[in-house]
Amino acid sequence: MGALLAADTLQGPKVDWFALSPILILLGGAMVLLVVGALMPAWPKRCYALFTVAVAGAAAVMSFILWNRINHEGTKTLVGDAMWLDKPGVWIAITVCVGVILAALLTDDYLRREGIDGPELYALYLLAAIGAVVMGTANDLIVLFLGLEILSIALYVMAASHRKRAASQESGLKYFILGGFSSAFLLYGVSLVYGSTGSTNLGKILAASENVIVLDRSKETLLLAGIALLLVGLAFKVAAVPFHFWSPDVYEGAPTPVTAFMASVGKAAAFAAMLRVLLMALPTWAADYRPAIWLLAVLTLVGGSVMAVVQTNVKRMLAFSSISHAGYILVGVEAAAHDARAGLISTGVSSVLIYLLVYTVLVGGTFGVITAVGRTGDGATDLAGFRGLGRTKPALALGMTVLLLAQAGVPLTSGFVAKFGVIGDGVRTHSYALAIIAMVSAVIAAFLYLRIMISMWIADPEVGDDAREAVRVPVLLNVAITLSVGFTLAVGFFPDWLIHAAP
Amino acid sequence: MTDFPILTMLVLVPAIGSVLVALVSKRHPDLVKVTALVTSVLTGGMSVWLLAGFATDDAGFQFTSQHEWIKAWGISWHLGIDGISLFLVVLTGVLFPLVIAGIDPHHDHKRYLSWMLLLEAGVMGSFISLDLFLFFVFFEIVLVPMYFLIGGWGYDNRIYAATKFFLFTMIGSAFMLVGIIATAVLAKADNGQITFDLIKIAENADFAASTGRWLFFAFAIAFAVKVPLFPLHTWLPDAHTQAPTGGSVILAGVLLKMGTYGLLRFGVYLFPEAAVWSRPLFLTLAVIGIIWGAIAATMQTDLKRLVAYSSVAHLGFIVLGTFALTSSAITGGVMQMVNHGISTGALFILVGMIYERRHTREISKLKGLQKVAPVFAAAFTVVMLSSIGVPGLNGFVGEFMILIGSFATARWWVVVAASGVILAALYLLWAYQRVFHGEPDEDNKSFAELKWKEGMLLLPFIGLIVFCGLYPKPMLDRIQPSVDKLLTHVSENSDFKLPAPAEPVESHEGEG
Numbered sequence: 098m099g100a101l102l103a104a105d106t107l108q109g110p111k112v113d114w115f116a117l118s119p120i121l122i123l124l125g126g127a128m129v130l131l132v133v134g135a136l137m138p139a140w141p142k143r144c145y146a147l148f149t150v151a152v153a154g155a156a157a158v159m160s161f162i163l164w165n166r167i168n169h170e171g172t173k174t175l176v177g178d179a180m181w182l183d184k185p186g187v188w189i190a191i192t193v194c195v196g197v198i199l200a201a202l203l204t205d206d207y208l209r210r211e212g213i214d215g216p217e218l219y220a221l222y223l224l225a226a227i228g229a230v231v232m233g234t235a236n237d238l239i240v241l242f243l244g245l246e247i248l249s250i251a252l253y254v255m256a257a258s259h260r261k262r263a264a265s266q267e268s269g270l271k272y273f274i275l276g277g278f279s280s281a282f283l284l285y286g287v288s289l290v291y292g293s294t295g296s297t298n299l300g301k302i303l304a305a306s307e308n309v310i311v312l313d314r315s316k317e318t319l320l321l322a323g324i325a326l327l328l329v330g331l332a333f334k335v336a337a338v339p340f341h342f343w344s345p346d347v348y349e350g351a352p353t354p355v356t357a358f359m360a361s362v363g364k365a366a367a368f369a370a371m372l373r374v375l376l377m378a379l380p381t382w383a384a385d386y387r388p389a390i391w392l393l394a395v396l397t398l399v400g401g402s403v404m405a406v407v408q409t410n411v412k413r414m415l416a417f418s419s420i421s422h423a424g425y426i427l428v429g430v431e432a433a434a435h436d437a438r439a440g441l442i443s444t445g446v447s448s449v450l451i452y453l454l455v456y457t458v459l460v461g462g463t464f465g466v467i468t469a470v471g472r473t474g475d476g477a478t479d480l481a482g483f484r485g486l487g488r489t490k491p492a493l494a495l496g497m498t499v500l501l502l503a504q505a506g507v508p509l510t511s512g513f514v515a516k517f518g519v520i521g522d523g524v525r526t527h528s529y530a531l532a533i534i535a536m537v538s539a540v541i542a543a544f545l546y547l548r549i550m551i552s553m554w555i556a557d558p559e560v561g562d563d564a565r566e567a568v569r570v571p572v573l574l575n576v577a578i579t580l581s582v583g584f585t586l587a588v589g590f591f592p593d594w595l596i597h598a599a600p
Numbered sequence: 027m028t029d030f031p032i033l034t035m036l037v038l039v040p041a042i043g044s045v046l047v048a049l050v051s052k053r054h055p056d057l058v059k060v061t062a063l064v065t066s067v068l069t070g071g072m073s074v075w076l077l078a079g080f081a082t083d084d085a086g087f088q089f090t091s092q093h094e095w096i097k098a099w100g101i102s103w104h105l106g107i108d109g110i111s112l113f114l115v116v117l118t119g120v121l122f123p124l125v126i127a128g129i130d131p132h133h134d135h136k137r138y139l140s141w142m143l144l145l146e147a148g149v150m151g152s153f154i155s156l157d158l159f160l161f162f163v164f165f166e167i168v169l170v171p172m173y174f175l176i177g178g179w180g181y182d183n184r185i186y187a188a189t190k191f192f193l194f195t196m197i198g199s200a201f202m203l204v205g206i207i208a209t210a211v212l213a214k215a216d217n218g219q220i221t222f223d224l225i226k227i228a229e230n231a232d233f234a235a236s237t238g239r240w241l242f243f244a245f246a247i248a249f250a251v252k253v254p255l256f257p258l259h260t261w262l263p264d265a266h267t268q269a270p271t272g273g274s275v276i277l278a279g280v281l282l283k284m285g286t287y288g289l290l291r292f293g294v295y296l297f298p299e300a301a302v303w304s305r306p307l308f309l310t311l312a313v314i315g316i317i318w319g320a321i322a323a324t325m326q327t328d329l330k331r332l333v334a335y336s337s338v339a340h341l342g343f344i345v346l347g348t349f350a351l352t353s354s355a356i357t358g359g360v361m362q363m364v365n366h367g368i369s370t371g372a373l374f375i376l377v378g379m380i381y382e383r384r385h386t387r388e389i390s391k392l393k394g395l396q397k398v399a400p401v402f403a404a405a406f407t408v409v410m411l412s413s414i415g416v417p418g419l420n421g422f423v424g425e426f427m428i429l430i431g432s433f434a435t436a437r438w439w440v441v442v443a444a445s446g447v448i449l450a451a452l453y454l455l456w457a458y459q460r461v462f463h464g465e466p467d468e469d470n471k472s473f474a475e476l477k478w479k480e481g482m483l484l485l486p487f488i489g490l491i492v493f494c495g496l497y498p499k500p501m502l503d504r505i506q507p508s509v510d511k512l513l514t515h516v517s518e519n520s521d522f523k524l525p526a527p528a529e530p531v532e533s534h535e536g537e538g
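Protein chains in written order, with this note's numbering: chain A, 98 to 600; chain B, 27 to 538.
No wet-lab data here; the hints were simulated from the structure.
Just so it is clear, the structure is predicted and the values come from calculations on it, not from any experiment.
Some hints could be false.
30 Å max Cα-Cα, derived BS3-like pairs, lysine-lysine [as the list claims (entries may be wrong)]: (1) LYS391/B <-> LYS479/B; (2) LYS490/A <-> LYS52/B; (3) LYS173/A <-> LYS301/A; (4) LYS190/B <-> LYS412/A; (5) LYS397/B <-> LYS471/B; (6) LYS477/B <-> LYS397/B; (7) LYS214/B <-> LYS97/B; (8) LYS511/B <-> LYS523/B; (9) LYS261/A <-> LYS271/A; (10) LYS59/B <-> LYS490/A; (11) LYS479/B <-> LYS397/B; (12) LYS490/A <-> LYS190/B.
Make the full structure from the sequences, and use the hints.
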């Protein structure tokens with residue numbers, strides 16, 4: 098860095114703009130929404146949402162083109178070694194775009210129903226997506242931190258964006274304070290890693306960490322402490338137990354479409370970053386951090402599913418279920434750590450990526466149903482709100498049932514394929530105990546999904562049920578749920594193409 | 027017509043039927059019923075056709091069909107039947123149309139029938155899958171329709187029972203899934219590539235003894251819950267009692283058999299060494315189940331619960347036969363799987379009829395029914411005697427073969443288990459005496475006689491009870507070759523020595 102500043106003319110790195118096109122498209126879309134949205138009178142109904150969908154769709158299409166280019170030209174680094182153009186990164190970009198599309202479809206009618214329509218939330222979705230894509234492609238801890246902050250700050254605002262609900266404000270503030278705390282941990286970790294290896298670049302850290310072993314063992318403690326702090330920061334973002342305390346409150350309080358976005362995009366980005374840091378920069382230390390991930394995975398699996406059982410609010414239940422899903426993904430990360438030397442092509446990585454995509458779609462659909470059931474005011478998200486849905490809205494209840502069964506990991510749904518992938522990798526790397534703990538906690542978690550299904554289909558109606566506001570399923574929400582259910586079943590019945598596609 | 031993918035159709039027809047029923051408008055209740063009936067009868071017809079086309083002397087898998095499904099994981103749509111699964115498929119094919127036609131769920135026919143057909147597809151699939159992954163898919167998918175059937179159409183405590191059923195079975199499956207993956211991964215070296223194919227793994231894989239035992243237990247837990255084997259049986263009385271009559275019939279008739287069938291096909295066949303090694307454990311649990319189930323049945327005050335506990339005892343016999351590992355014991359076990367399905371299915375139907383009339387199943391509230399409904403009582407008697415295992419009726423054949431076949435290899439277990447036969451007579455006859463004998467009191471005076479439609483439903487059951495009891499030879503001829511083949515596989519792959527072949531058992535039966 099010093100040498101660079103000393104030079105007379107600042108020589109910027111060569112930039113492959115085309116490889117950055119998904120990020121640029123998302124950025125352009127966000128700017129248009131912010132600027133044009135502020136200057137022009139309100140756009141017609143649905144236009145904000147459709148515009149967001151179009152932007153995210155274009156970014157996804159560019160990602161597919163880049164995917165194709167990687168097939169032909171191989172992977173490479175971008176912007177002076179700061180980012181990667183590789184398949185896992187592009188996969189995460191596509192996942193993020195899918196998350197944005199579903200969230201935007203969910204948001205459209207929600208905002209009008211709540212009387213807070215406007216372009217801001219959509220712009221924030223796109224901005225947050227940029228942060229997520231950057232996290233997924235970062236080759237430098239500073240860039241990773243930048244991505245994380247872009248994502249997080251957008252999320253804090255989004256969580257608090259329901260101006261008329263105190264719970265939403267509380268959720269945003271809580272997330273902000275705890276999130277800031279965890280960012281500090283991450284940054285501290287980055288600085289310790291920098292201190293011990295002399296670089297924030299993932300490739301250079303890898304090279305230097307070999308030297309730490311060979312030449313200078315005194316820095317080992319520093320580096321290990323740095324790794325631990327990095328893990329804490331990222332574990333907070335994925336809501337792994339015991340760093341999960343923010344998530345139930347924030348999920349419950351945030352507007353339902355935002356919750357969907359947080360659970361899908363936020364999680365995908367943080368896991369992508371975790372894989373990259375652990376496997377590309379620090380494979381030398383896999384033996385040290387693997388037990389930590391093992392423990393995190395067990396705590397997250399068991400904690401998430403056990404705590405979910407006692408909840409009565411569906412959004413809160415799904416917050417805990419989202420925690421236990423993070424546990425599953427950690428099983429895949431643990432498997433990847435077993436042969437971390439192989440970098441991002443090791444066992445476990447592709448099943449983690451599949452899990453993230455599948456989960457993004459599942460969460461989009463599930464929270465779509467909750468958005469509808471929440472009714473005006475977004476308050477009817479306790480179990481009672483679902484009572485009798487099987488009678489009044491059988492198609493919606495059936496869709497929700499499919500999505501819940503998928504979350505429980507019942508065969509012929511995408512959820513089973515995803516679980517089978519990570520458990521398979523766990524078994525392949527001989528983590529039998531972890532695999533069994535994961536499956537048993539799936540049974541505990543199944544109880545929670547059954548409770549929602551009981552409410553929808555079996556529970557007897559109670560007095561006053563008919564007086565409740567009817568559940569409406571507007572067009573775009575319907576599209577989101579239908580797409581999500583369709584994908585869930587399609588992958589469940591014919592998973593071959595997805596498994597083949599995964600890097 | 028050898029190209030016709032009949033086994034695939036056995037799964038697809040009810041599955042498609044289920045979707046069709048769900049799509050038909052609620053305003054056409056008759057169309058719903060006809061669709062359900064036609065698909066289930068079609069499936070039943072195909073299963074009977076299978077029986078006719080089955081080559082008796084071929085011990086291997088027949089009617090096989092194999093298509094790649096998930097190539098990346100080495101998973102294929104591989105179906106096939108042999109003598110062990112043949113009659114379970116036929117039983118499934120026959121039982122479902124009877125239940126669909128003869129038992130009224132009282133409300134929400136459309137959803138009920140849709141779940142019922144999906145259940146049929148799942149059960150069929152479990153019995154004909156020759157791929158571990160595919161089997162797991164069917165084994166697990168069955169939970170969903172059964173859960174909704176118990177939860178949606180059951181009695182007062184149905185939600186508790188349905189949830190318990192779902193979670194108990196799922197926890198067993200959790201271990202099995204890890205076992206299945208581990209089996210495929212560990213067998214990769216012997217197979218050359220990753221595959222979940224049952225036959226390839228069973229024939230090629232050579233697990234170290236301790237590995238095989240771990241894997242075997244991972245599978246066995248799932249099956250033991252399903253059977254259910256003592257002490258994992260506690261979900262069964264609840265599920266049976268709370269399920270609607272149709273659900274109970276299917277649950278007892280075919281669903282429990284997925285456990286005993288699984289033990290044979292995926293336990294003993296895949297891990298012969300481990301199965302031989304763990305014999306004492308399973309024989310002991312089976313015998314405890316026989317005695318425990320019988321004693322518990324004796325003490326029940328609820329007629330349906332009594333029948334449920336009798337299932338625990340009867341399935342104990344099947345497990346006893348399975349782990350005795352002799353030709354006639356296992357053949358008898360397979361016979362008993364089918365016979366138990368017929369007789370216990372019929373018993374649940376009869377108990378259901380009693381409930382329809384009296385709105386109670388409490389034995390103490392029923393009295394003297396024989397006086398007011400003699401034909402009903404006669405039907406009950408035949409079914410009950412079959413369940414007790416009286417010679418001449420189907421229950422005897424299986425139990426007798428299990429006991430006689432197990433004597434050579436599991437003598438002392440048989441000695442204890444045989445008392446279970448006496449206990450079966452005790453609890454069923456005592457219950458019969460309390461319910462049907464004596465003078466009917468005021469409440470029971472108006473107990474209606476068997477209706478024509480109900481008689482038509484029971485007639486096939488009673489016909490099968492008598493036919494299989496008097497002439498079991500056609501069944502034995504088809505079951506035994508496959509069982510012998512399995513046992514040869516076991517003795518080749520473990521240090522288990524088959525006892526010298528006993529007298530052919532059929533000759534005893536002819537006299538009975």
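Exercise. Find the hints from earlier in the document that the structure breaks and name them by number, from lowest to highest.
Key: none
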